[in-house]
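K.L.:
Could you put the whole structure together from the sequences, leaning on the hints where they help?
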Amino acid sequence: MKKYTEQDRVKMHSTYRKYMDKLEQERKEAHNKLSPELKEFIEDCRRPKSEECVSALYGDLYEGLSSGGYSCPSEFIKAKAEGLFNGWIFPRRKDAVLYAADQLHEYAFAAGNIHARSFRTNDPKNLAKRVMELLYRFSEHDRFDADIYDIMTDNISEELLECKYFAGSLCVCSEELAYEIDRGNKRIIGFVMDELSGSGASFSMWTLIEGVVKSHSSEMHEALGRLLLAARLQEGLRQSICEKADLGTAEAFKVIFRVITENGLIRYSSVKRSFGTWLGIIAAADEGRASDLERISQKSAELVNSCLNDPVAREECLSSEDSMKIYIALWAKGFYEVRDMLDGIRKLSKTGSHHQLLTAGYAALNLCEKELQHEIAKDIIFAHYSEQDVMAVYLPCFMPGVDWYINYVVYSVPVSGGYSSREMKEDYTKRRYCELSHYFDSIEEGEQFYNILMSIYRGIKGKSVEFSPCIFPWNSAVLEKGEAIMRLAFLASALHDNDKIDEVAEHFGDIGGDYGYYNRRRVIMLLLTQPETDKQKRILAEEVCDKAEDAREAAFKIIDNTDIPRESYLFLESSLRYKNAQIRANIIKLP
Amino acid sequence: MTIKVKLKQLGSKREKLKENDFYLENVPHTVGELITESVKTCAESYNLRVRSGEEAKPLSAGDIAAMSEIGKIAFGINYGGKEADISEAVENALQAYRDGLFCIFIGEKRAGELDEKIVLDENDIVTFIKLTMLTGRLW
Chain A
1 MKKYTEQDRV KMHSTYRKYM DKLEQERKEA HNKLSPELKE FIEDCRRPKS
51 EECVSALYGD LYEGLSSGGY SCPSEFIKAK AEGLFNGWIF PRRKDAVLYA
101 ADQLHEYAFA AGNIHARSFR TNDPKNLAKR VMELLYRFSE HDRFDADIYD
151 IMTDNISEEL LECKYFAGSL CVCSEELAYE IDRGNKRIIG FVMDELSGSG
201 ASFSMWTLIE GVVKSHSSEM HEALGRLLLA ARLQEGLRQS ICEKADLGTA
251 EAFKVIFRVI TENGLIRYSS VKRSFGTWLG IIAAADEGRA SDLERISQKS
301 AELVNSCLND PVAREECLSS EDSMKIYIAL WAKGFYEVRD MLDGIRKLSK
351 TGSHHQLLTA GYAALNLCEK ELQHEIAKDI IFAHYSEQDV MAVYLPCFMP
401 GVDWYINYVV YSVPVSGGYS SREMKEDYTK RRYCELSHYF DSIEEGEQFY
451 NILMSIYRGI KGKSVEFSPC IFPWNSAVLE KGEAIMRLAF LASALHDNDK
501 IDEVAEHFGD IGGDYGYYNR RRVIMLLLTQ PETDKQKRIL AEEVCDKAED
551 AREAAFKIID NTDIPRESYL FLESSLRYKN AQIRANIIKL P
Chain B
592 MTIKVKLKQL GSKREKLKEN DFYLENVPHT VGELITESVK TCAESYNLRV
642 RSGEEAKPLS AGDIAAMSEI GKIAFGINYG GKEADISEAV ENALQAYRDG
692 LFCIFIGEKR AGELDEKIVL DENDIVTFIK LTMLTGRLW
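For the record, the sequence lines run as chains A and B.
All the letters of the first sequence, read from the start, carry residue numbers 1 to 591 under my numbering.
All the letters of the second sequence, read from the start, carry residue numbers 592 to 730 under my numbering.
Hints were generated in silico from the structure; no laboratory data involved.
Some clues are possibly wrong.
Claimed, not checked - Calculated cross-link-like contacts (lysine-lysine; reagent style DSBU-like; alpha-carbon spacing at most 30 Å):
(1) A:LYS425 x A:LYS589
(2) B:LYS631 x A:LYS299
(3) B:LYS721 x A:LYS299
(4) B:LYS673 x A:LYS299
(5) A:LYS80 x A:LYS94
Stated by the list, open to error - Label-pair restraints from in silico Cβ distances:
(6) A:ASP95 x B:GLY691: 56 to 62 Å
(7) A:LYS33 x B:LEU722: 55 to 61 Å
(8) A:TYR149 x B:ASP690: 31 to 37 Å
(9) A:SER218 x B:ASP712: 50 to 56 Å
(10) A:ASP21 x B:ALA687: 49 to 55 Å
To be verified - Among the chain B residues that face chain A by a calculated CB cut under 8 Å, a handful are:
(11) ASP690
(12) GLY691
(13) ILE695
(14) MET724
(15) LEU725
All residues carry an ideal CB built from backbone N, CA and C; glycine is no exception.
P.N.:
Listed below in structure tokens is the structure:
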């Protein structure tokens, strides 16, 4: 590869910036020519998967996939989103995009980050969001309007060449490469095979590996497996292949995994780390710790191999009492279809042992999809809320992100996110309420879970109860009162029930933990803005003297905008004796 | 038999590599046997130190400076009191050789595969060179 001097890089940087500015301008112009529906749809395409989509076209896509109105995502794109190929996405990429959209259910849905797990699904909601993410990626990351073969072989203009080497990547989507491989593009196939048979030091290796694992070419998968075996001292190459191995098709992963098990490659730390990430046995924070890699062995690799390839072995492992066997069996189900994994957890909930149910909870925590976590946790909590260790494991999956949702509500920012701190509006003149439909289907369900959560809360002695070890020797689970109160606060607000608000407000002091003080502020703003009962007014006055500064500040601002009874003023007057200067200063400021 | 193993001399300014006497219980006839015998010698020596319960000796400034060259300053004591499993150590070393983590030079000639025949005489010079894994991801 050519070596660049500092002077070269300065020139390349300038070329790259000019090119990117030009590209951005062209894409903006293409965007401006789109219909309002497509513009709204693009806003949804930009959102992270965790945020809710609001556009009409998203609704059309989701409904169409759910009802069978669209047999595949490409039908939707052809019918309703073809306008996107006016330059917002390069027109030459259209066939690749349509093809890739129909393969998405074969790729792992949680890929591309340190929390990625190797799960797949045909679920319409998940698929709809991934279609939008695919469209966005083809617009944002596909930067060179040229044939992918020309880009890979440097058969492009000087300008694009400088941009390519400055950016340090091909700047194309791997789905484009997978499409060309699958349609039998001989030039591309020949080039990729040459690269895989060579030293593995290609400039485009990252995209190459991703494109190969997303393709359906068994010949390419085997070549990649041979490259993995030939890596020897190139731990970096091994890491690159293993990190990408699970984000494509199941067949590609199984070829790579077969090479790993047949040749004992689990002895390499990069393979172990990848293995731990695929399975979710090593959390992101633990990836560097050698002791945590000891959780993985050749035996666990053989177990995975067996569960992936033999449905009978999978069911046998699921029926055992060995935590690792149960967990890997559930993981293997989710590897093909995550809904089968959820059904496995439900079955263990009904007919399995206590230990099996707990182990299934570890699998639920690794789902990487909040809606799926909430769905399964609802069933488990409903059936097993009297078992504290089960609650400790499953409660984090139940109503995940409730603290952030409450944040959106109290600061009047879109639930779909994408706001800046400047847009956060505190309004103490009007109480805002949570939407029950964010987590629950009906008022009856909301009431039911309120009672369940209150029962869980009352069963906890002290602030929290810890179970350690839990399921695995390295794992522990904690059931905290604060977590229960946050969820109760959501329900009390969403049900518009002052009795429930009074009940929850009594226990604000239990909201603690790393973000406890921020959460306490949010909950005070949610439940006590414009207090409606005497109890709420009394608690509001007490909160002006809260230990946490954020909570005190919120309470003070609410009181400043509220009429409170005489008794509350008397209480505040008595609080002037406190040492904390801010409490006294705030109380004196009140009219 | 006794061979000479070339070792890196920590802290020495004049002679970076020095030959040290190294005892092999059995005469090796292949590369694999050479590795096996070498590992057995080292493991048995290590286990002897564990059994004798050696105490920490103070480190001089020179010792510390020398060890800092290799990136680890230690008393070299096994605090766990656990002896090395010789068969496991041998298997590990053979696998490491197959993986290319180290190579062996007998005299000036590089040794080949594990089953390659070798002829070792008394006081022959053998050098073990550790190779570094190329870490870091590609593009």
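K.L.:
Now tell me if each hint is right for this structure.
P.N.:
Each hint tested on the structure:
1. A:LYS425 x A:LYS589: Holds, at about 22 Å.
2. B:LYS631 x A:LYS299: OK: B:LYS631 and A:LYS299 at ~28 Å, within 30 Å.
3. B:LYS721 x A:LYS299: holds, 29 Å
4. B:LYS673 x A:LYS299: holds, 25 Å
5. A:LYS80 x A:LYS94: Roughly 14 Å separates the two Cα atoms, so the pair holds.
6. A:ASP95 x B:GLY691: 56 to 62 Å: For B:GLY691 against A:ASP95, whose Cβ atoms are near 44 Å apart, the range 56 to 62 Å is violated.
7. A:LYS33 x B:LEU722: 55 to 61 Å: holds, 58 Å
8. A:TYR149 x B:ASP690: 31 to 37 Å: holds, 36 Å
9. A:SER218 x B:ASP712: 50 to 56 Å: About 53 Å separates the Cβ atoms of A:SER218 and B:ASP712, which means 50 to 56 Å holds.
10. A:ASP21 x B:ALA687: 49 to 55 Å: Given range 49 to 55 Å: holds, Cβ gap about 52 Å.
11. ASP690: The hint holds - B:ASP690 has a Cβ within 8 Å of chain A, the shortest such distance being about 7 Å.
12. GLY691: Constraint on B:GLY691 satisfied, holds at 5 Å.
13. ILE695: Where the cut-off is 8 Å and the nearest Cβ of chain A is about 16 Å from B:ILE695, the hint is violated.
14. MET724: holds, 4 Å
15. LEU725: Given a least distance of 5 Å, the restraint on B:LEU725 holds.
Against the hints set out earlier in the document, violations occur for numbers 6, 13.
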